[in-house]
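Student: Here is what each chain is made of, one letter per residue.
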Amino acid sequence: ETGVTQSPTHLIKTRGQQVTLRCSSQSGHNTVSWYQQALGQGPQFIFQYYREEENGRGNFPPRFSGLQFPNYSSELNVNALELDDSALYLCASSPKGQGAATEAFFGQGTRLTVV
Amino acid sequence: AQTVTQSQPEMSVQEAETVTLSCTYDTSENNYYLFWYKQPPSRQMILVIRQEAYKQQNATENRFSVNFQKAAKSFSLKISDSQLGDTAMYFCAFMWLKTEDKIIFGKGTRLHILP
Chain A
1 ETGVTQSPTH LIKTRGQQVT LRCSSQSGHN TVSWYQQALG QGPQFIFQYY
51 REEENGRGNF PPRFSGLQFP NYSSELNVNA LELDDSALYL CASSPKGQGA
101 ATEAFFGQGT RLTVV
Chain B
1001 AQTVTQSQPE MSVQEAETVT LSCTYDTSEN NYYLFWYKQP PSRQMILVIR
1051 QEAYKQQNAT ENRFSVNFQK AAKSFSLKIS DSQLGDTAMY FCAFMWLKTE
1101 DKIIFGKGTR LHILP
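Chains as they are written, first to last, in our numbering: chain A, 1 to 115; chain B, 1001 to 1115.
Just to be clear, a hint being listed does not mean it is correct.
[Unchecked claim] Residues of chain A clear of chain B, computed beta-carbon distances all greater than 12 angstroms:
#1 V4
#2 T9
#3 G16
#4 G56
#5 P61
#6 P62
#7 S65
#8 L67
#9 E82
#10 L90
[What the hints assert, rightly or not] Not the full set, but computed from the structure, chain B residues with beta-carbon under 7 angstroms of chain A:
#11 Y1032
#12 P1041
#13 R1043
#14 Q1044
#15 M1045
#16 D1101
#17 G1106
#18 K1107
#19 R1110
Note that these hints are calculated values from the structure, not bench results.
As the structure is a prediction and not an experimental result, all values here were calculated from the model.
Backbone N, C-alpha and C fix where the C-beta goes; we use that ideal spot for every residue, glycine too.
From just these sequences and the hints, can you work out the full model?
Tutor: Here's what the structure looks like:
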């Protein structure tokens, strides 16, 4: 079985630009969650996608948006980048249902730097 | 709102010793999961151990065990016979079973295992 893969691993963007981060879920997992981890902090939940629809959202503005595709892979889009968006973005996949979300597997993250 | 607090920002221990990481949480819910995740320099979040709130017995995974005190809302991690590879950030985390969406993380404890 393949693990969770994220791309790119590192990215530098200019304030005001837009960025798209990608995540391929683990085989057999139908749910993808995205987290933002600022330096020295724990990850913060952005949103979750299940069956191509948003299924729960954290306290993030609408310029953070996402997609899930039929193969369960996912994208995180951030518009109008701000300096505070600089962080490690983590993707986690899990099989939904019956507490199976506790089997979440994380990717290695995308380090985004906004200058 | 659920919160997770880790009061030890950083700890150091000699190899082969036992170390305990502290965690407290706050929730009004009754059905939830608690986790300890390890994040080494590779950045990938790895599940160390999981505890279902409805189970009184403390979870154990090889050298890792927890002390779950539900009434006190305390969830500490004990690492026995610590190894150099245990050096990492450790995050305590909470998930409400009903929604299976977001995992709420603490700010983490940086653990150094010294040779």
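Student: It remains to establish, for every hint, whether it holds in the given structure.
Tutor: Each hint, compared with the structure:
no.: 1; hint: V4; result: violated (9 angstroms)
no.: 2; hint: T9; result: violated (9 angstroms)
no.: 3; hint: G16; result: holds (27 angstroms)
no.: 4; hint: G56; result: violated (3 angstroms)
no.: 5; hint: P61; result: holds (17 angstroms)
no.: 6; hint: P62; result: holds (18 angstroms)
no.: 7; hint: S65; result: holds (17 angstroms)
no.: 8; hint: L67; result: holds (17 angstroms)
no.: 9; hint: E82; result: holds (22 angstroms)
no.: 10; hint: L90; result: violated (6 angstroms)
no.: 11; hint: Y1032; result: violated (10 angstroms)
no.: 12; hint: P1041; result: violated (11 angstroms)
no.: 13; hint: R1043; result: holds (5 angstroms)
no.: 14; hint: Q1044; result: holds (5 angstroms)
no.: 15; hint: M1045; result: holds (4 angstroms)
no.: 16; hint: D1101; result: holds (3 angstroms)
no.: 17; hint: G1106; result: holds (5 angstroms)
no.: 18; hint: K1107; result: holds (5 angstroms)
no.: 19; hint: R1110; result: violated (9 angstroms)
Hint violations for this structure: numbers 1, 2, 4, 10, 11, 12, 19, all remaining hints satisfied.
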